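Go by the hints and put chain B onto chain A.
Those protein sequence lines, which keep their order, are chains A and B.
For the first sequence, position 219 (counting from the first letter as 1) is numbered 218 according to numbering that gives the first Met the number 0, and the numbering increases by one without interruption.
For the second sequence, position 131 (counting from the first letter as 1) is numbered 130 according to numbering that gives the first Met the number 0, and the numbering increases by one without interruption.
Treat the hints as calculated values from the structure; they're not laboratory data.
This structure is a prediction, so every number in the text was calculated from the model and none was measured.
It is possible that some hints are incorrect.
Stated by the list, open to error - Dumping the calculated SDA-like pairs for lysine to any residue here, alpha-carbon to alpha-carbon at most 25 Å: (1) B:Lys3 to B:Ser27; (2) A:Lys135 to B:Trp78; (3) B:Lys189 to A:Lys135; (4) A:Lys135 to B:Asp328; (5) B:Lys248 to A:Val82; (6) B:Lys332 to A:Val82.
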Amino acid sequence: MSGGNRRGRIGQEQIILAIAIVVFGVFSVLIRDFLSAGNIVSMVQSVSVLGILGLGMAITILGRGIDLSMVASMSVAIAWMLVQLNAGAPLAQALPMAIAFSVMVGILNGILVAYVEIPAIFATLAMGVTVYGFGKYFLVESDVNHLPEAWRWLADLVAARPLGLPVPVIAFLGCAALAHLALRYLRDGRFIYAMGDNPEAARTTGVPVRSMMVLQYVISALIALLAGLIMTMLVASMNTRIVSGTLVYDVILVVVLGGISLSGGRGGILSVVVGTLLIGIMLNGMTMLNLTFTAQNVIKALILLFALVLDTLINPRDEQTAQQGDI
Amino acid sequence: MDYKKMVKTGLACAVLSMTAGVVLAQDSVAPSYYEALKGKKVGFVPISMGFDLTQGWLAGMQRQADDLGYEIIVRDPNWSVESGIQAITSLIEEAPDLLVIQNNDNQSYNRLVQQAAAAGIPVIQVQQSVETKSDAYIGPDWYRIGTVTAQALVDKCGAGTSGKIAVVEGATAAPASILMKQGIEDLVAKNPGVTIVSSQAADWDASKAFAITATVLQQNPDLCGIAGFWDVADTGTAGAIREAGLEGKVVLATSGGGSREAGCAKVESGEFSVYNSYNVAGQARDLNDAIKMLLQAKLPAGSAPFALLSPLVQITKDNMTPSSCWTLDEIGKSGG
Chain A
0 MSGGNRRGRI GQEQIILAIA IVVFGVFSVL IRDFLSAGNI VSMVQSVSVL GILGLGMAIT
60 ILGRGIDLSM VASMSVAIAW MLVQLNAGAP LAQALPMAIA FSVMVGILNG ILVAYVEIPA
120 IFATLAMGVT VYGFGKYFLV ESDVNHLPEA WRWLADLVAA RPLGLPVPVI AFLGCAALAH
180 LALRYLRDGR FIYAMGDNPE AARTTGVPVR SMMVLQYVIS ALIALLAGLI MTMLVASMNT
240 RIVSGTLVYD VILVVVLGGI SLSGGRGGIL SVVVGTLLIG IMLNGMTMLN LTFTAQNVIK
300 ALILLFALVL DTLINPRDEQ TAQQGDI
Chain B
0 MDYKKMVKTG LACAVLSMTA GVVLAQDSVA PSYYEALKGK KVGFVPISMG FDLTQGWLAG
60 MQRQADDLGY EIIVRDPNWS VESGIQAITS LIEEAPDLLV IQNNDNQSYN RLVQQAAAAG
120 IPVIQVQQSV ETKSDAYIGP DWYRIGTVTA QALVDKCGAG TSGKIAVVEG ATAAPASILM
180 KQGIEDLVAK NPGVTIVSSQ AADWDASKAF AITATVLQQN PDLCGIAGFW DVADTGTAGA
240 IREAGLEGKV VLATSGGGSR EAGCAKVESG EFSVYNSYNV AGQARDLNDA IKMLLQAKLP
300 AGSAPFALLS PLVQITKDNM TPSSCWTLDE IGKSGG
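Isolated chain A, as found in the complex (with noise of 0.2 Å):
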């Protein structure tokens, strides 16, 4: 039921690492200015909100859940907002509206999850599409909703650059250092990881597996939401388009890269970090190396290839390691 990886082993974590100081050290001797602080910041912000994204899906994930709805509920909930925005509402009505929205969502997650009975992949992939759906229909008309001029400011705070760092890197290692400390070592995310690990002997415990998962769906779509705003704060616009884009698959590359396991109950924030980084090391590499987005899609399997092999080599699967569920 540990959260890291026992002592003396190399987990998938520290592969990752190595690939990505790797990747580091190869791109910072081929670019000239790579390692700028400047840079290596841009780096970080250029993944921060695909990195809180992945800290919620991470906690649901190591709770035996997954939530593949967070994409349509943080862009819905956003565009309402803006669109609640634009027509003349004050900010002190469509964030709460928002949140609301938000927390809305992940209570009937949970509730599929838990008391109905549906296992989450597919739970929450529906609740996806019926969150979209409805929200095109009742509350947002059009794709691309634009931050109304009035609330340029909210994008302007973008350019402040509080403690030295721009505010979606603050928020992302925020979040991050946040729900590393709360699995660690607060009682509802031990809770957490004990029900990833095995759910029958965490009831059995006297662990409330049904309100903790409702809990945990609550969390992520309310990590989405905050993803959302830091995302409209760059591009002062929320497109639902994304909806249908590969922004879930992503977010999950990232959580599975750092050797969280789709069975629950394994890996920990840190990984989550360091799968985050490694996407935003070779997507700044490359767009510095001026690579066409074809080649830049093949190397990015290729290293992400090479990371699911050598883990397979060092940690061989085995009847002791295989979970039942394990995708």
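Using the frame of chain A, we list chain B on its own:
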């Protein structure tokens, strides 16, 4: 001439002139015009409803359809090429009098355009065209948008600047994106003072445009200008410029449908330095004109293809007027 004869002649003249008057008042145009359009069915398959271009076209087309008593059948594939193929296939089965389709690329709907023509249904392609020419193409000359965008940057990034420009492309496989890029490269090649230091695809996405621009600005802090490919994605490009504290220092030239929110508002706030609008309100008018022409002419489908390339309007802070851009509300009320 006796009195009786005079009366008779007068009467005859009066009768004649009255008949002539009736003949003159009998319009030779309007009845057949209304008849050609009344009760007709026009199928519309955009790549997705719900964004400024398609909403603007539909608002304009719907207004004319309501006015003239024909029907617009909208099938929304929501960004999915497969759904689009299904929608067009089933529409061909339903045999509307005309099809308006927006292509995702220059391949996917190629066979469907041929099938529609074989079934005798005229097709208007909008914004992007497949290889098969159909009855009408309405949309921009993408190559020209590329050259115009690049020219704006060449003008501002001449002597005294670094001459460095970056290109934030659309999707690498989209013909619109390929043509714009070609236009930019060709024009830059003729101007040795200007160099392209980076050319990256943002996949029409604001977040990706942000990430690319942020990185490029780190690598080239002396960057003079950026060529963007679409206003919606370039809110992200502008965001990265703002975040780097370079607003007003880096020239951002981009293009789009000319909606007030996505276009003029950004020019006014200084986020876009130069904005080339292909004016969706004008395109809606072009669509309506093409619909009226094709439904009246009744030529065999595909027999006389023509194009109406959307005129470009270059909008900057200096020449912008309240009517430079449009809103959906305006098109719905009085456009098209």
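Each hint, compared with the structure:
1. B:Lys3 to B:Ser27: violated, 38 Å
2. A:Lys135 to B:Trp78: With Cα atoms ~14 Å apart, lysine 135 (chain A) and tryptophan 78 (chain B) stay inside 25 Å; holds.
3. B:Lys189 to A:Lys135: Given pair lysine 189 (chain B), lysine 135 (chain A) is violated - Cα atoms ~47 Å apart, limit 25 Å.
4. A:Lys135 to B:Asp328: holds, 19 Å
5. B:Lys248 to A:Val82: Given pair lysine 248 (chain B), valine 82 (chain A) is violated - Cα atoms ~31 Å apart, limit 25 Å.
6. B:Lys332 to A:Val82: The hint holds at about 21 Å.
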